[in-house]
Each structure stands twice: as structure tokens, then as C-alpha cells.
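A.B. asks: These are the residues of each chain, in order.
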Amino acid sequence: MSQRPALLLILLALPAGVVFLAFFLLPMARLVLIGASGEDGAAAYLSVLTTPRHLESMIATVLLSLAVTLAAVAVSTVAGVFLVRHRFPGRSTLVSLLTFPLAFPGVVIGFLVILLAGRQGLVGEVTKALTGDKMVFAYSMAGLFVGYLYFSIPRVILTVMAAAEKLDPSLEEAARSLGAPPWRVVADVILPALKPGLIASGAICFATSMGAFGTAFTLATNIDVLPMTIYTEFTLSANIAGAASLSVVLGLVTWAALALARNLSGSTVAAAG
Amino acid sequence: MMHNTLPEASEPMTAEKTAITLTDCGKTFADGTRALQPIDLAIAGGETVVLLGPSGCGKTTLLRIVAGLETPDAGGRVLFNGEDVTVRPIERREVGMVFQSYALFPNMSVRQNVAYGLKVRRVPREELTRRVDDALEMMQIAELAERRIGQLSGGQRQRVALARAIAVRPRILLLDEPLTALDALLRDRLRVEIDSLLRGLGITAVYVTHDQAEAMALGDRVVVMSAGQIEQIGPPRDIYHAPATDFVADFIGTVNRVPAAALAGWGDEVDGAVLFRPEDAEIVSGEGAHLRGRVASSLFLGDRTRLVLESDGLLPVVVDTRRRETIRIGEEIGIRLKPGHLIPLPSAGREGQTC
Ligand SMILES: Nc1ncnc2c1ncn2[C@@H]1O[C@H](COP(=O)(O)OP(=O)(O)O)[C@@H](O)[C@H]1O
Ligand SMILES: [Mg+2]
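As you go down the protein sequences, you meet chains V and C in turn. In this text, residue positions in the first sequence follow my numbering: the first is 31, and each later residue adds one. In this text, residue positions in the second sequence follow my numbering: the first is 150, and each later residue adds one.
The hints are simulated quantities; they were obtained by calculation from the structure and are not laboratory data. Computed from a prediction, not measured in an experiment: that's the story for all the values here. Some hints could be false.
[To be verified] Derived lysine-lysine pairs resembling DSS-like cross-links, with alpha carbons at most 30 angstroms apart: (1) Lys-225(V) <-> Lys-196(V); (2) Lys-268(C) <-> Lys-196(V); (3) Lys-225(V) <-> Lys-268(C); (4) Lys-166(C) <-> Lys-268(C).
Please construct the entire structure, taking both the sequences and the accompanying hints into account.
C.D. replies: Written as C-alpha cells, this is what we have:
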């Protein structure tokens, strides 16, 4: 092998390298340094554990993201497999509608949640007519959950549908011929085949939920998700070091979750059966 | 560990063999495709029946109706030993299936694949291990037991699929072109093994193929199909030597069709055509030739040489000879038909449904 292709490759990769360095690595390094520049020094990184407000915020964000991820994966798996398996009038319209939320910024999604479950929302009207009590959950954890779920489902459902298209129907038929009832076919054939896609899209879903800001901002809930806390530290308290350290911690936690997922999907084969 | 053993799971293979009866089984798919005309078919217990026909003629559809993966059109019925199983789903029909694509579970090892049906049936562990070992042994893949499916060759995969299907001791074994994806040498070896496997188990088997050599070698009876219909049912020899329709005559082997009037000294029945196989004509020098022609091509096949003769006004005639001396292209030779070895003229109608 000659060196020229290698040289060419390096040259071609140069722009990407420059961009990576200038817009990614340098600001990140800066952020890490700023995080440690406050009066607490490097201890600012522990504030997520030591400051109760930060700790609560972190726990709430992780729990919310986990719940959203699990719900989105469950709902999308069922819906995605169904959509691939059944042809009916309006199917393609429905599929494109399902991917609609991808185009919305968080603000719009927050707005939609308010329209649904806010003080003048649809759910409120209906529950008032039925029970006399107005149900309002837009500004609580439930409102956040609904909003996050709304923008998470399309990300997962598209992956599930792509994987479900590729399922080999003869595998399911073979399992059935061996006596497997439908639930075993799902557990032994369909889910193992979808697993890598579910883990990958679930990881994306988790990461997006961890960092989502617009929805939480619009709903102005009483619970602070971590991005909201960072925003507050930054703008209201002018605690630049605190905001930076929280940002770094948020990034690390999300990155760890993604790495874990990559590991899991890599070892699916070994873990199965 | 569960111990509620199902009785049929632990008993040795039942002596009773399962006969299959199909009555009026047609299939029209949702998109309007008429894959199968309503047909009747009776398969005796322990018999191996081969469904043979060109691609798209409905073989797989018929097999899937027996399996319970498709339901026949209204009016069609599937009986196992006289019991109506038309609406019984495949998971309760106790049929083993082998697919062209192997259909092995990629997330399980060879052993786990073969054990799957027994695990589903909650067969106790020691018995499960023993029966999996037996099945692996029978297909000569015991040393592959711990391999992953991705590490196997095509031939090995099909052996695993066969072991998996027989491990549960099904009433009926259904095989859909199991050898089509393999190369020629492997195909021959595995065909011989499948043959002895089916004889050894004495199980009722339906085997789908588009390969006539496979059909001839494996079938107790062969069902020749075309365009969703049965053309002929019979033992391989009958199919080969007495095709019931023109389609069967042309589909199975090579057949020559010569007008009787063109044959010198052919007696009085000079109208109509005479049909014969390439191996049922001999080359004669001098007198007594029924037909003379120029050798247009000569193909040495080892055990015989296949000649194509051209004579004026006739379709090319194919003749096999075991003579050792080379016959040159362009040479003029005479052939003599063996009168007892002619193919009776297929009737225009179908006589397939007589079984
Ligand atoms: N699920 C289906 N929907 C519509 N048409 C089908 C379906 N399955 C098979 N067919 C059609 O039915 C005919 C018979 O198919 P098949 O039984 O698979 O033939 P073979 O196995 O002999 O090649 C073909 O024309 C095929 O295209
Ligand atoms: Mg087929």
C-alpha cells in the first residue's frame, strides 16, 4: 500500500478536524475550566451532589428521561410493528403525521401541551363536563412527561419500523411450527431482532430528554429539569461557574448513558437465550 | 423447573402415522391472485409426497395450507387422520417445517435452536438434553452444538434446521425447497441423507421442489403442478414414463415428438405423433432406421453422449447413446425407436384427481 491514499485521507479529513477542534473541543475545554473557576473551585463539580436544589433537579431529570424513554420505546414498538404489518386506508398519512413532531421546536410542543392539558385545555373541558372538576396537568411532571413523550415517539417509531420491515417472516413461522404461542414468538423472535434498534433509539431518546429545554421553559413548571436549572443559574443568579459545571455534569451523565447502551446492544447476542 | 410433562412430549414417536386429506382446497390471496385452484389430495400416513412444478405454480401455497400458515378459500378442508384441522393454527398442528432460507434463530446457538420446540413444550431437562443430542447425532452435527448460527455454512444450517424440526417428533414434516440454496455437490449429499432420514423416521412428509431429479429421487409419489392445478399424481416412474398431460411430458425430462408419418416403416398408425425419451432410441447403421438425421451437436456427459439430430421438416431430436466411438458433427446417422418404450400420448384432459 502506498502512502498517498493515507495522505489524501488526512487532507480530506482536515476540515472536519478543524471544525471539531474549533467548535467542539475548545469550547468544551473552556467550559470545563470555567466550571472550576468559581469561588468553590473544582468543588463546583460536586454541587450537583452537595446543593440540594441541584441534586433534586438532577434526580428529577434522570427519572423523567428514563420514564419517557421506557414509555416511548414500549408505545413505539407496538405501534411500529403494527404499522409495518397492516395495510389500511390512510396508513401513509398516519405515518407521516407521527413523524410530524420532529419538525417542532420545544416551545411549540410546550404550547401543544398547554392546549391539551392547560387551564383552558381540552382535557380540562372534558373532565369538567364529566365530573365537575377541571383536570389541569400541563404545569406538572405529567405535563412534561406528555410533552417529552410526544417528541420522543417519532424518533423511536421510525427506527422500529425500519427494523420491523427487515424481520424475516419465516423465523416467526418456524417458531410457531415448533409450538410457540404468539407471546413466545414476540419474546423469542421479534424482540431479539428489534433489540439493537430499540436500545439505540432509546439511548437517543434518553439523551434528548435529558437536554430538552424549550418544552420545560414554555410550561414554566414548578419542577426544575436540569437544563432549566442551568438557565436559571446562568441568567438569574449570574453563577457562571455553577452553570458551566452543571453543564459538564449533564453532558457526562448523558454520555455515560449512551455508552452503556452501546455496550448493551453490542452484547445482545451473548446475553440472549 | 416445570414437571407437568405433556404426555405426547415424553412418549416415543407414536406408531400411528398421520394421513393428510385435502378437499376442495383453493387459495385466492387478498390482492386477487388465484394461487391455487380448488384441489383434492390424499396423502397416506408415512408417505413422502413431492410437490413438483415450475416457480409460481402454487407449491408453497399448498404446503402452507397443510401447515396451517394459510387458510384455504371457503369450502376447502384439511384433515389429519380424518380430523378436521382447517381452523387449527400451526402451533397446534404438530408439523415440522424446513425452509429454503433455513429460518434459524440468529440469537440462539445450534443447541438452543434444536431445543427450542422442546423448551416451548416444557419437556423436562434430562429428556430435553437427550432428545436434542439424538437429533444432532442424527443430522451428524453433534460437534457444532455450541456454535452460533452465523458461524455455519449453508449445508450445516440446513442440517440444524432439519434437526430442529425432527427433535419435537412432529406428525408431519413439511419441507419447502430445502436444498435450493445449496451448491450442486452438497445438494446431492443432503438429498441422500434426507431420503434416508424420511425412510428411517417413517414420517408423513410433503416436500416441495422445482427440481425434477430431486422429486424423482425422494418421492413415493410425485404431484406435478402447473398454474395452481394438479397435472398428475403418481409414482416417479409413472410420471416419467407415462405423463398424463403434455405439460408433464415436457416438464419432466426431455421428450421427442415426431409425427408418425415421418418414421420409415412405422406400420399403419401413421397419424398423430410419437413421443419418446432420448435414452429410448438407439443408433443403427444401415438398415432398420426409423429416422435419419444430421448430427447438429454432440455433448459428452461421461456415462453417455447426448446428440441432437436435425432432419428436414422436423423439430430437432435428442438422442442419448452409450457408444464410445466419437460421432462427428455433420455426420448423418439413423436411429431406431424401441417400440415398447414409447410414451403413451397424454390425454388432453387431466387425470390427476383420480387418486
Ligand atoms: N401472500 C401472497 N399474496 C399474493 N400473492 C401471492 C402470495 N403468496 C404467493 N402469491 C402468488 O401465488 C402464486 C403461487 O405462489 P407460490 O405458492 O409461492 O408458488 P411456488 O411455491 O410454486 O413458486 C404466485 O403467483 C405468487 O406470486
Ligand atoms: Mg415456493
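A.B. asks: List, from low to high, the hint numbers that the structure doesn't satisfy.
C.D. replies: none
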